[in-house]
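Chemist: Residue-level listing of the chains:
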Amino acid sequence: MKGRRAEQNTTIPSSRGTRLSLRLAVAALALLTSSLASAQETLDERIDNLVRPAADWVTSIIFYPIPLGDVGVPFVLIWLILAATVFTLYFRFINFRALKHGFKLIRGDYNDPEAAGEVTHFQALATALSGTVGLGNIAGVAIAVSLGGPGATFWMILAGLLGMSSKFVECTLGVKYRNEYPDGTVSGGPMYYLSKGLAERGPGFARLGKVLAVLFAIFCIGGSFGGGNMFQANQSYAQLVNVTGGEASWLYGKGWLFGLVVAAAVGLVIIGGIRSIARVTSRIVPFMASIYVLSGLIIIVANIGAVPAAFGAIISGAFSPEGVAGGFIGVLILGVQRAAFSNEAGVGSAAIAHSAVMTKRPVTEGLVALYEPFIDTVVVCTITALVIIITGTWNPDVDPSAGVQLTSAAFESSISWFPWVLTLAVVLFAFSTMISWSYYGLKSWTFLFGESKASDLVFKLLFLAFVVIGASMQLGAVIGFSDAMIFAMAFPNLLGCYFLLPVVRRELNSYWSDLKAGRLEETNR
Amino acid sequence: METIYLVGVDGSNCSDRAIAYVMERARENDGKVLAAHVIEWSPYAFSSPEENERRHQRREQELALAREEILAPILDRLSEEGIQGEGLVAHGHVARTLVRLAKEHEVTCLVLGRKGSSRLAQFFGSVASHVVQITDRPVTVVP
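Protein chains in written order, with my numbering: chain U, 35 to 559; chain S, -6 to 136.
Since the hints were made in silico from the structure, they are not lab data.
No residue lacks a Cβ here, since even glycine has one placed at the ideal position from N, Cα and C.
Treat the hints with care, as some may be off.
Claimed, not checked - Which stretches of chain U does chain S cover? Using the computed rule of at least three CB atoms under 8 Å from a CB of chain S, they are: (1) 143 to 152; (2) 479 to 491.
Said to hold, decoys possible - Straight-line Cα separation of at most 20 Å, SDA-like style, residue types lysine to any residue; simulated pairs: (3) U:LYS487 with S:GLU44; (4) U:LYS487 with S:GLN50; (5) S:LYS96 with U:LYS394; (6) U:LYS138 with S:ALA38; (7) U:LYS487 with S:ARG47; (8) S:LYS96 with U:PRO147; (9) U:LYS394 with S:GLN50; (10) U:LYS494 with S:GLU44; (11) U:LYS134 with U:SER544; (12) S:LYS96 with U:ASP146; (13) U:LYS134 with S:LYS96; (14) S:LYS96 with U:LYS487; (15) U:LYS138 with S:SER35; (16) U:LYS394 with S:ARG47; (17) S:LYS96 with U:PHE127; (18) U:LYS494 with S:ARG47; (19) S:LYS96 with U:ASN145; (20) S:LYS96 with U:THR557; (21) U:LYS138 with S:TYR37; (22) U:LYS394 with S:ARG52; (23) S:LYS96 with U:GLU555.
In isolation and in its complexed conformation, chain U is listed as follows (with noise of 0.2 Å):
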């Protein structure tokens, strides 16, 4: 996931005190000129004060600290890895036994060659993989190296294995309880396993079956507005003013402008229904993501002098972190943070994407969901880190908010064209993540209001809308609240699954039995 809270202030562009002249000289000639710029503002201010009350509200509950030692515990952090440890051990370690099989599945040794041109195991995995691959990989990482040390960077590879079981506990539900239409299309995610696998508990967990579908669908209507979409036009719009210099830009201020491009473009796909775009971004994505890691495994090369001492640092760091504010708890907070805002384990998002899979058994798509924390956080995320680490460009000084900037920096410090690259990855992303939340949002809109022509359109314009909001307004509350709904998509989600554990251990046993005798067939030689 690419919402952080943390990061909300980093709209304003550098804060750097050698900028502060030009800044000056900016806001003044904005002063003078732009009365409308000033009108803007207070209706940022009133949509900001409307809200604030109503968001902290939210905010309070859902990262509600739990004080752990001197330190507050975001109570939803709690519940992730909570759910995410009991979930390992409910299948004893299926994050790491199953790992074989899900690459083989993935490959597709297992495919029917007679559903040839349905969707394989492949292409769910890499549709809500690039749903996730993201601004929390690049920023997110740098934030929590930044003011936790290396050692977070310890953490996050933890939570981001023990997050390996939520997703399978997930996309097994998702695939088992999706709707199979009459038109043959498919239609899965929380919101149905929710009602429909608790419902066959008995008529008291039907009730609350449907409570939790309905607070799920109504926060993930909230994510898709928020960190699914403002929060990845504003970080992406940043991130682009920065590179082309700042507040000297010719970009700066024109943040509706960008909101409007990208709008049109995201309307064009999901409105439009121009498949071409979308089919452009999801080979361009995984180009980008591989550029990312090619770079980044150049970068840790060139220095495979300075690694030993890195992952030294990391182990040394994790538990006994010098200067970080919490000590041990502070650093595990953080790197445990940052990869369930990375990886999305336990938010219930990926289950909805991975659900369309063709497959005769459930399971074989959770195993295939493995995967995703694996190569989101314990690959992609430990890659950020390690080049954060061995270029030396982390430092306690840094400003933290400035995440994709100092990912930037860590690798511009070897390859200095990078930030430019960079920057395309981090649009690319950042669209590439929009799509996908829409679809989220979508499927959350049809399961409350029902499937109709008028009101998908009413949903994609609203998520439209909020495009440009997200690009042109510095809304830190509607942020923060957005950030907020995609966390409390947890709480149902991993409520309901509590409840649907048994079902997956049905479905789990008699795979693994069939598969241990022999009785699935390798289809590839």
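For chain U, the structure is supplied; the task is to place chain S on it using the hints.
Modeler: Coordinates of chain S only, in the frame set by chain U:
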């Protein structure tokens, strides 16, 4: 043993030439003709969630379209001529899928039209040349 020909068809001129050729051969030795159309598809392609949701539906549409537009006219021609015929449609890598179908149906020979003869076509290769390289059966390429 019955002679079975597998002819790759895609509705183009070059596949028409292959069909004309295979019909002649089938008439000569009372063989059977399998007309196979492969819809280019990769299990590793990237797609959006919305595309995935409709994939099953689209697949059915693609298969139906191929049967109606490409295979039906060929099968009509075959039955008019009194030749035993069957149509096959599948998704996948064109050359590899043709080779797989040939093996599964234990065909005697594959018949394929060749699209181009330009330098560019030689450089990139064609379905026919790819099939020739990987199949375990005789292939006839119709220019």
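Chemist: So, for every hint listed, does it hold in this structure?
Modeler: Verification of the hints:
1. 143 to 152: With 5 residues close enough to chain S, the hint holds.
2. 479 to 491: violated (count 0)
3. U:LYS487 with S:GLU44: Holds, because 17 Å separates the two Cα atoms, which is no more than 20 Å.
4. U:LYS487 with S:GLN50: holds, 18 Å
5. S:LYS96 with U:LYS394: Violated, at roughly 26 Å.
6. U:LYS138 with S:ALA38: Answer holds: U:LYS138 to S:ALA38 is near 17 Å, not above 20 Å.
7. U:LYS487 with S:ARG47: Distance ~16 Å between U:LYS487 and S:ARG47 Cα, so the pair holds.
8. S:LYS96 with U:PRO147: holds, 14 Å
9. U:LYS394 with S:GLN50: holds, 17 Å
10. U:LYS494 with S:GLU44: holds, 17 Å
11. U:LYS134 with U:SER544: holds, 18 Å
12. S:LYS96 with U:ASP146: With Cα atoms ~17 Å apart, S:LYS96 and U:ASP146 stay inside 20 Å; holds.
13. U:LYS134 with S:LYS96: violated, 30 Å
14. S:LYS96 with U:LYS487: violated, 47 Å
15. U:LYS138 with S:SER35: Roughly 17 Å separates the two Cα atoms, so the pair holds.
16. U:LYS394 with S:ARG47: holds, 18 Å
17. S:LYS96 with U:PHE127: violated, 42 Å
18. U:LYS494 with S:ARG47: holds, 18 Å
19. S:LYS96 with U:ASN145: holds, 18 Å
20. S:LYS96 with U:THR557: holds, 15 Å
21. U:LYS138 with S:TYR37: holds, 13 Å
22. U:LYS394 with S:ARG52: holds, 17 Å
23. S:LYS96 with U:GLU555: holds, 19 Å
In terms of the numbered hints stated before, the structure departs from hints 2, 5, 13, 14 and 17, listed from lowest to highest.
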